[in-house]
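Visitor: Spelled out from the first residue to the last, the chains are:
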Amino acid sequence: MLTGGRLARLGAACGAVTAAACLPALLRNPYALYLADLSLIYGLLVLGYDLASGYTGMISFGHAALFGIGGYVSAILVTHAGMSFWLTLPLGAAAAGLSGALVGLTAHRLREEYLAMGTLAFGTIVWLVMLNWVNVTGGPMGIPALPPPPPVSFGPVVLRFEGYRGFYYVLLGAVVLAVLVTRHVVDSRFGRACLAIREDEVVAETLGITLRYHKTLMFAIGAAYSGVAGVLFVHLLRVASPESFDFSQSVTILTMNMLGGMGSIPGALLGAVLVTLLSEALRAVPLYRMVLYGLLLVVMMVFFPYGLAGAARVAAEGLRGLLSRARGGRAVGERASEPF
Amino acid sequence: MAGHRWLRGVASLVVVGVAVLSWGRPAAVHGQAAPVTVGLETPLTGDDAQFGKVMEQGARMAFAQVNATGGILGHRVDLVPCDDQAKPATAVACAQRFVTQDHVVAVLGGFNSSPTLAAQAVTGKARVIQIHMGASPKLTDAHKTNPYLFRIILTSEKFAPYVARYVVGQLHHRRIAVLYENTDYGRSEADIFGPLASRLGAQVVAREAYNPGDKDFSAQITKIKSLRPDAIMIGGLYTEAALIAQQAHQAGLSVQLFGISDGVDSPQLIALGGRDVEGYIFASMIDLDRRDPQVLAFTRLARTMGVTPEAYTAITYDAAEVLARALRAGGLDPDRTRDALATIRMTGVTGPISFDANGDRNSAPFIRQVKGGTFVTVVAPH
Amino acid sequence: MAVILAQLANGVVLGSIYALMAIGYTMVWNVLAFINWAHGEVYMMAAFVTVTLYGAGVSLLPAALLGVAGGTLTGVLMERIAYRPMRQAPKLNLLIGALGISIFLRNAAQLVWGPSPRRLPSPLLDRGVDIGVVHVSLQQVLILAVGLLAMVLLQLFVRRTTLGRAMRAAAEDMETASLMGINTERVIVATFAIGSALGGVAGVLIAPLYLVYPTMGVLAGLKGFTASVLGGMGSVTGAMVAGLVLGIAESLGAGFISSGYRDAVAMVVLLLVLLVRPEGLFGHGVVSQARQRA
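Protein chains in written order, with the working numbering: chain A, 1 to 340; chain B, 1001 to 1382; chain C, 2001 to 2294.
Note that these hints are calculated values from the structure, not bench results.
All figures in this text were calculated on a predicted structure; none of them were measured in a lab.
Mixed in with the good hints, there may be bad ones.
Claimed, not checked - One-sided excerpt, in silico: chain A residues whose CB lies under 7 Å from chain B:
1. Ala19
2. Leu23
3. Leu27
4. Pro30
5. Tyr34
6. Val136
7. Pro140
8. Pro144
9. Ser241
10. Glu243
11. Ser244
12. Glu280
13. Arg283
14. Met290
Just so you know, even glycine gets a beta-carbon here, dropped at the ideal spot from N, CA and C.
Here chain A stands alone, though its shape is the one from the complex:
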């Protein structure tokens, strides 16, 4: 059913993807490309987090661990087992997904603050293992000097990974794929069941929705995204080290999601890009940057509780109301809010 609105949205999405694909040609600057790559990695992370936490109501504070599991599994397989980078992508995703399933299975009964603590504990334990299991993870130094993935060719087009451009296209592909999968999951019966759980668990259960299955599976799916992001991240940096996967990283992912607005695909991507760019922009004034970052979080939470996506939605509805009144009619009645 391609309604007018849907067609417009599809068109906008295609336009966005095309524009994004042309970006590397415009951004010849490696610094800008690096930031673009980082933004895409975080975009993938936040999309996954939105699914795992936003759709189940299981707000996790240990998501960086899932990110790290994907990354470390790939790094270990590449250095110790000589495996190809491409093969480690699904393996890293699977490892993260399985870990996510484990977390979901054990944590689905927990209430908010207990869940927060439980996931934080999980995150800390994983981080400590990364830091201490020197024989496997390399301990504090991590696994450095990862080789760049071998070049890959699609007919006449060759993707090289010594720089950031090759990664950009792979990341863009991963994000597009993630968005498509997310839409599919969210629109499916499974996705709607999860929404019902988030709204009211008690009612959902009476409707026959099994909490454990839905929460766990959704969490695992979101975790798998993070695993993919992790694999790409460690190869982009050429090092897998524990500092990248600590509690502050989990906080970053969560705040990106909140800023962009939970339950919104464009919100997730926007949150990721904005925070990445803003952090970089303020790098010259580190202390003021952090002070501003804290202030920004508070201001956002007070004035834009549903994130930018929520604010955009409100603005759009306000605009629609204005336009219809200008045309001489009554203000359009409020539509039931859709997630997107």
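The hints should help you fit chains B and C onto chain A, whose structure is shown.
Guide: Quick look at chains B and C alone, frame taken from chain A:
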């Protein structure tokens, strides 16, 4: 509600405004030779911020002096600090920014090994000199592929034999407990010291770790105490060392404390540790009380600039000085500067400066001790 | 055997510190069903005010009292400026807002006082008692004593005083309490004040042991939060007990398993408890969402 919406509008304008403005660059002043930019990669926030701060002070001191005496080949030197947050991903962003936005001729720093290792992949490829303070042996390996990478500090590997000979050989401590920071820095110190001690006839009776930022060491101290050591080697920095000293004394463990590098070389050790760090032995590249001309000039400069100098102030100062000299000799060309650095010989605040084939420093350290609430040199390099 | 006892004693001492922090969290949660993630910064501010005043020549006890006052003020201001406008917002927003305040305060403190740690001397640190093989300083004894005292006083306050009973009513059901004529605003401010005062006391008492520096609230906050969740949010006694349990688990773990994995021991203990008893050791067994409906 209308007021609320107005506030929202203002809030979003501020956010956008800040974001846009911070991307801006200061405009060049006309009529002057373009300044030369040097990047400083260091942790300016987080747990190691105190080191980042003194590193920035040291660099600024050196370049203030360089600029006051005509700059480098007539160009003023501008220092651009970047907070690497002690994380590899952020360090890479700093390095990229230095190379593509700030067009630096060289980078000073980082302080931690892991971020430095990540950053040097970027600077090396761009043929930008990087003079760092990371302690990990892996950075020596990195020099093999990146000849633009130089290490200004003596590593624990270089310090350790001297300290071991003093503590085991001269002071005859035979049962040594090792308590190290669970970072690459601390871990490598523990790994280096063990075999050295054994070779000299001592026994390592305990090997305990603490995580960076930990403030309570009671569990480790209790365990160590039960093994009756006569000395404890602390592989870490001064904040933790001071606390360990305090808590060890409280637990009734009063044995010789020492470290095999200069992580504790700061007046903060004494400020934080008080009487408990009396007798603490460590190795250092500098002795700020010596009446060498370089040291005197340095401490005088620090006084006029209102800086309280510590080890890393001097180390970064020397890094900046040696860089300036090499840049002059190399005419600001990256390869000629690199060659100048590789063959340089000068005397800095931290003693004779020269780099070996691995880009590492090579000299004998001072063995220092806390006596009477101040640092005293017990063994000077020959 | 002696080593086990020594580690146990270490654990009790450590645990009483976590307990003091945990009580502050639990208090606020009791009334507002909200975790003040910036509680650690209250602790930090109190310590900094004390050390600054002491450095300026004020003698120790008045500096300490003013430090506690400073911490209390910080907590009350947090509530007024940031949490009040967000009271109707979803819980997650409050959490992020609190996180934002925490980041802001930590870095603002570094701007004002610099990143280097400072020492707060205490006469109680030099003197101590020997319990068998373990030497405990009077400072540590004081911390344990204050923790127990706080617990007892709180119970008395909550049972016997009007304000305390008002707090209990508000904790049960805020709306009904206000309909019954209780000034819920006053209750909320008082709750934050008392909880922050406790956090401030913890900061001032612990500062001589572990130094004063801008990020000192992070670890304390996290451990205190862990302890209060372990104890079951809502039970002050539970927070106290859980704090001690946490401290003991950490010490024994660090002593006998591995010092590097020390924090992991505490986390594993927590996870095990949560698996078996999702509402914590002393928490009330309530269905997850039903409570929020109110």
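Visitor: Determine for every hint whether it applies to the structure shown.
Guide: Quick rundown of the hints versus the structure:
The closest approach between the C-beta of Ala19 of chain A and any C-beta of chain B is roughly 20 Å, which is over the 7 Å cut-off, so the hint fails. About 16 Å separates the beta-carbon of Leu23 of chain A from the nearest beta-carbon of chain B, more than 7 Å, and the hint is not met. Interface hint at Leu27 of chain A: violated, since its Cβ lies 10 Å from the closest Cβ of chain B, which is beyond the 7 Å cut-off. A cut of 7 Å between beta carbons decides the hint on Pro30 of chain A: the least distance to chain B is about 6 Å, and the hint holds.
The interface hint given for Tyr34 of chain A holds, since its Cβ lies 5 Å from the closest Cβ of chain B, which is under the 7 Å cut-off. Proximity of Val136 of chain A to chain B is violated relative to the hint, the smallest CB-CB distance being about 15 Å (cut-off 7 Å). At about 4 Å, the closest approach between the beta carbon of Pro140 of chain A and any beta carbon in chain B falls short of 7 Å, and the interface hint on this residue holds. The interface hint given for Pro144 of chain A holds, since its Cβ lies 5 Å from the closest Cβ of chain B, which is under the 7 Å cut-off.
Below 7 Å, beta-carbon pairs count as interface contacts, and Ser241 of chain A has one with chain B at about 5 Å; its hint therefore holds. The criterion of a C-beta within 7 Å of any C-beta in chain B is met by Glu243 of chain A, whose closest approach is roughly 5 Å, and the hint holds. Given the 7 Å rule on beta carbons, the hint for Ser244 of chain A holds: about 6 Å separates it from the nearest Cβ of chain B. Taking 7 Å as the C-beta contact cut-off toward chain B, the hint placing Glu280 of chain A at the interface holds, the least distance being around 6 Å.
Using the Cβ-Cβ criterion of 7 Å, the hint placing Arg283 of chain A at the interface with chain B is satisfied: the shortest such distance is roughly 6 Å. The restraint placing Met290 of chain A at the interface with chain B holds, with a minimum CB-CB distance near 6 Å, inside the 7 Å limit.
Comparing the model with each earlier hint shows violations of hints 1, 2, 3, 6; every other hint is respected.
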